[in-house]
Every structure is written in C-alpha cells, then in structure tokens.
Amino acid sequence: MFTEWSDWLLLPLTALIIFLFWASLTPFETLGWWAGWFGNAIYHDVSISEAEAASPSSRHRHQPATAYVLFLSGIGRVSGQTLSYREQEFLNRLRKRLPDAVVIDNIFPYSVNNLALTGQPIFAGLWKWALDRKLDGPALAGYLINIRNLLQVAIAADKRYAPIYNQAMAEVMLDTVMRYDFDPNSTVPIFVIGYSGAGQIAIGAVTYLREWTKAPIYVISLGGIFSSDPGILAANHVFHLWGTRDRAQIWRLLMPGRWSWMAASEWNRALRQGRATIIRMEGMGHTGRGGYLDHRPPVEGGVANVDRTVELVATIIAYADQPERIPRVA
Amino acid sequence: MSDVALPGFLETLRLSLRLDPSIYVLLRDKTQGVYYAALIVLLAGVSESLGQSVVLLLNRVRPRRFVLALSITLVSNLFGYLLWSWTIWSVGSFLTRSEQSWQEVAVVVGLAYAPQMFAFFELTPYLGNLIWGILSLWSMLAIVVALHYGLSLEPWQALLVSALGWVFMQALRRTVGWPILRVLSWLQHRAAGVPLTARLEDVARLRRHTLRNWYEQLEARRRSVRLPPVRKKRRQIDSQTNHVHRME
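Top line first, the protein sequences correspond to chains A and B. Residue numbers for the first sequence, in this note's numbering: 1 to 330. Residue numbers for the second sequence, in this note's numbering: 1 to 248.
The set of hints was computed from the structure by calculation and includes no laboratory data. Using N, Cα and C, we set each Cβ at its ideal position, and we do this for glycine too. Be a bit skeptical, because a hint or two may be false.
Per label pair, the in silico range of CB-to-CB distance [claimed, not checked]:
#1 A:22 to B:152: 37 to 45 Å
#2 A:17 to B:102: 28 to 36 Å
#3 B:18 to A:254: 28 to 36 Å
#4 A:159 to B:38: 33 to 41 Å
#5 A:141 to B:29: 31 to 39 Å
#6 B:62 to A:314: 45 to 53 Å
#7 A:126 to B:99: 56 to 64 Å
#8 A:40 to B:29: 54 to 62 Å
#9 B:166 to A:185: 53 to 61 Å
Facing chain A, from chain B, some residues (calculated, C-beta under 8 Å) [said to hold, decoys possible]:
#10 58
#11 61
#12 64
#13 123
#14 124
#15 125
#16 163
Pulled from the structure, derived: some chain A residues nowhere near chain B, Cβ distances all over 12 Å [stated by the list, open to error]:
#17 24
#18 28
#19 121
#20 158
#21 283
#22 323
#23 330
Full structure from sequences and hints, please.
This is the structure in structure tokens:
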C-alpha cells in the first residue's frame, strides 16, 4: 500500500495544502475590513507618482478635465506606485496624447483600502522582502506578490466576497478621482483601464461606482482577465482589448460565464446587446516583449505596440459614446 | 487482538483520509478509537465552522462574539455527529439485524468525518464551491466505505443504510429534534448578535454605506486633510525622448 511513489506525492500535496491554507485566509482581509475591524480609512501614498507631477495633468488644473482615466495595474504591484517601466512609459505617452484628461495611476487595486503591501500591519516585512527579491532576484520569491494579488482577483470574482471587495474598490476609485477634483454630480466620463487581472477588478467595481455618480463609466480591459460579472452590464460600455498572441487569455476558460454557449451570462448578453466590444490587437502578446505596452518598435519596423495601444485608447476615449466608430481590429 | 500496535493519531488520520479499510476494522472496538473519532469530529467541526464563518463577518460581528458564535456552531456540529451516528446505528440494526454496539458505529462514522477537516478550504476565493463539491463526494464515499468495512455490511447495504440514515436524520431534525435545534440556533443567534444566514436577495441590501451620497462626507474630510507636497526631485522626464530617468 505504501509505495515509494506515494511518498513522493507528499511534497506537491504539502505545497497544495500550504497554498490552500494561504488562499483560505486571504478573504479575512476583505471580510475583516467589511466588519469594521480595520477602520474606515482609505490610504494614499504620501508621494504622488513623480512622473505624474511633472506632466500637464497634475492635481491642480485650470480648465475642467474632459475625462478621468483610472489605470489599474497588473498583478505585479505592491503599492500605488508602478514598478513596471513599460506601464510608466504607457502612462506618459497616454498623458501626452490626452492633455485634457486626468490620467490617474496611483491606486493599488489589490487592497480593500488602498493600503500598500509594504504598509500592511503584520506582513509588511514579508512583502518588503518579496519586493526586494522581485527587484534583485531570485525572481521566484517575487512571485509571492503576484500570487497574493491574483488571490485578490479571485476574491473579486467570487460570488460570496465580490459584493464586498467590489464596493471597497469602488470607494477607493471614487475617493481617488475626487482627490483630482472630480464632481460626482458632473457628467465627465470615467474610464477605468484594467490591465490583466485588474480587468476583473475594474468591471467588478463599476456596479457600485455606478450608484454614486452621474458620470458615464466605461471599462477598457487591456488584455483583461475577468469573469462574467454584473458590472459588465452596469458599465456604459466595456471595451476588451485582446491581443492575437495573448496566451494569458486562456484563463477566461476558468470562468463559465465567458464560455460562448452560456447564452444568459452577463458577458454574452452584453456582447449581443452591443454593450461590450472585443477589439483584436494584431500580433500583441500579454506582457513583456511584444506585449500591449512594449515601447520598442518591432524588428520588422513599424509603430511600437505601446503607441498603437495608446492611440486606440485615445480613440476609445474620444468616441466612447459611439462604439460603432471604434475599429474592431487595431 | 491487544498485541497489535494501534496507529497513532496522525497515522489514523492519514489512513482515514485514504479510506483505508484496515483502520475501521482496527479501531472500531478500541477505546482509543473513540478518542480518535471524537478528535477528528472536533477538528472537522472547527474547520467547518470557520469555513462557514463568512456570513458572520458579512453581518459585521465583533471579534469576541465571532469566537463565541463559532464555539456554539461547534457544539451544534458535535450534536449533529451524535445524531448522525445514532440514526445510522438504529437504521443499520433495524435493516440488517446485526449486533453492533452504538460505540462501534460512532467510531466508524467519526473516522469518516476526516475529509471534512479540509472544510476550512471552502473559503478559498473562487474555488470554494469546487472544493465543497470534492469534499462532499469524498465524505459520502468515506461513509459508505467505513460502513462497508467497519460494520461488515455489503456495499449496497452500506449505501442504503447511509442514505436511509440521512433521510431519517432529516426527519428527526424536523420533528423530535426541532426544539433542540431551535434552542441551539437561538443560542448561536444570541452569541453572534447578528443574523446567521444570508440569502441571495440579501446581496442587493449589502451596502457599506447606507447613504447614497455618503461621499459628500468623504469630500468634507478630504478638504480638511491636506495632502503633503509633491516631491519632484527624484525623477525627471526628458522632454525630447519622453524617457524617465532615475535620479537616485
């Protein structure tokens, strides 16, 4: 009965149990926040992203903004500040392309109260260590951060926790745009860009953000991975940018509502009603070289991916209320 | 049989999780078996009540009451176990005319609770339902295997006894057991101080802020708290190439 191979199985089994234990504890952060164990505060980074301060769309503006663009970063982040050079580059170019819009990225979409991982009460030390590993290696330890953030995405997609997590995110988003002089009673549109796993978080939060503002809300999923969430129908329109070489999109198969034959799911209803649009990004992958935000021009010549993405996002922002004018292939 | 070395608790647990037939036969008539079964049921109860604690937190229970409500859930789980083994014992003796003592049945049923020790993992975001399904199947299989080997029933008898036992228990809960369950749920309710069940229609009601325009208070707070000045020195943007340079 007890052969050698069954002893070898113990190692992956232990790893699985440790992972499940960790995963099961994650919701307590969200639930505890809901129960009021951690207070009501929404935390903000003391230093607003420096690059942003130097750009024209900084906090104190003279003429009113034409649009608010909230960028939710992929799962590699530990705080409201981006670590990724490519994301920074994308945001710089987007700000340049849209001088009249307020582009905001200092938001940490994987924490119910925008508290950076390195500022967490108990585990700050662990996350600082993981961040150092992420920056200096070994990279494997840095993946702890990605797994932790991925679990938050799973919370946002879980029917039990989503109403709580998504409300928290909507609060953080509203609080953030209001810091940039957004008036909830105005009709200046809000565009939430969710990159990768943040696609779920962007869509989830719309359900609640919708209730608190009169402004139209659009979601731009940048290679987003999301479930069929009621937020898809709450948004004015969902634009799903889908690279033809984006292998990470395979994760959508884990979400039953995204299967094409689940006709009654929110996602398929939105597609039929023309409230969601899939835009194929020719030759683009998920991340890194050849990804949506790659700033180096392709070897065969032509425009860099990041510029194509920026141009498309700018077109979406200009014509969001007339989605038929937006190209289906970019 | 007293010269056969009995397995330790961890070994018992491992064998019960593997649904190993030998463990049921070995422990069913031992005092140690009773302790082990009780411990497994207890641990499974702790795990299960933690796994189902979501609703307590949804209703914003205070930490101390959280613990209190969990311990009462635990007591109610133990009560459920006693009821479950008693119904299986009575249905089994009625149907098969076998001469097993109630204690033996209780040990075997208790060992079959082992998979429920993982019920805590039902909290896992997104995969919780899947895990719940797997654990339910595992437990069902465990009880059938346990009755088959532990009480020397034929497989179909084991299946029938557990199914009828379940039906009988549901009937008991709704009739004779009802006042006891009412007392338990009243106790639970008192301990938690908040409702203990949430239905799908409650989701729409779940709002952190009851005021629709709660953010106006946020706005007032935001005005009163001044943001620290923006630091500009560390990076600068090259206006020609649009590249960010680190200045550290």
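Quiz item: Does the Cβ distance between residue 126 (chain A) and residue 99 (chain B) fall inside 56 to 64 Å?
Solution: 58 Å Cβ-Cβ, so the 56 to 64 Å window holds.
Quiz prompt | residue 64 (chain B) as chain A interface residue, shortest Cβ-Cβ below 8 Å | solution = It is violated, given that the least Cβ distance between residue 64 (chain B) and chain A is near 12 Å, above 8 Å.
Quiz item: Taking 8 Å as the limit, does the beta-carbon of residue 124 (chain B) come near enough to a beta-carbon in chain A?
Solution: Given a least distance of 4 Å, the restraint on residue 124 (chain B) holds.
Quiz item: Is the shortest C-beta separation between residue 163 (chain B) and chain A less than 8 Å?
Solution: The hint is violated - residue 163 (chain B) has no Cβ within 8 Å of chain A, the shortest such distance being about 29 Å.
Quiz item: CB of residue 18 (chain B) to CB of residue 254 (chain A), is that within 28 to 36 Å?
Solution: holds (29 Å)
Quiz prompt | Verdict for residue 22 (chain A), residue 152 (chain B) (Cβ pair) under range 37 to 45 Å | solution = holds (42 Å)
Quiz item: Looking at residue 28 (chain A) again, its CB stays over 12 Å from all of chain B?
Solution: violated (8 Å)
Practice problem: Could you let me know if the closest chain B CB is still more than 12 Å away from the CB of residue 158 (chain A)? | Solution: Label violated. Min Cβ-Cβ 4 Å, cutoff 12 Å.
Quiz item: Would you say residue 24 (chain A) is clear of chain B, with no C-beta pair closer than or equal to 12 Å?
Solution: violated (4 Å)
Exercise. Confirm or reject the claim that residue 141 (chain A) and residue 29 (chain B) have a C-beta distance inside 31 to 39 Å.
Key: With a Cβ separation near 51 Å, residue 141 (chain A) and residue 29 (chain B) fall outside 31 to 39 Å, so the hint is violated.
Quiz prompt | Distance restraint evaluation - residue 17 (chain A), residue 102 (chain B), Cβ atoms, bounds 28 to 36 Å | solution = At 34 Å between Cβs, range holds.
Quiz item: Hey, does residue 330 (chain A) actually stay past 12 Å from chain B on C-beta?
Solution: holds (22 Å)
Violation of the numbered hints given earlier is confined to hints 5, 12, 16, 17, 18 and 20; the remaining hints are satisfied by the structure.
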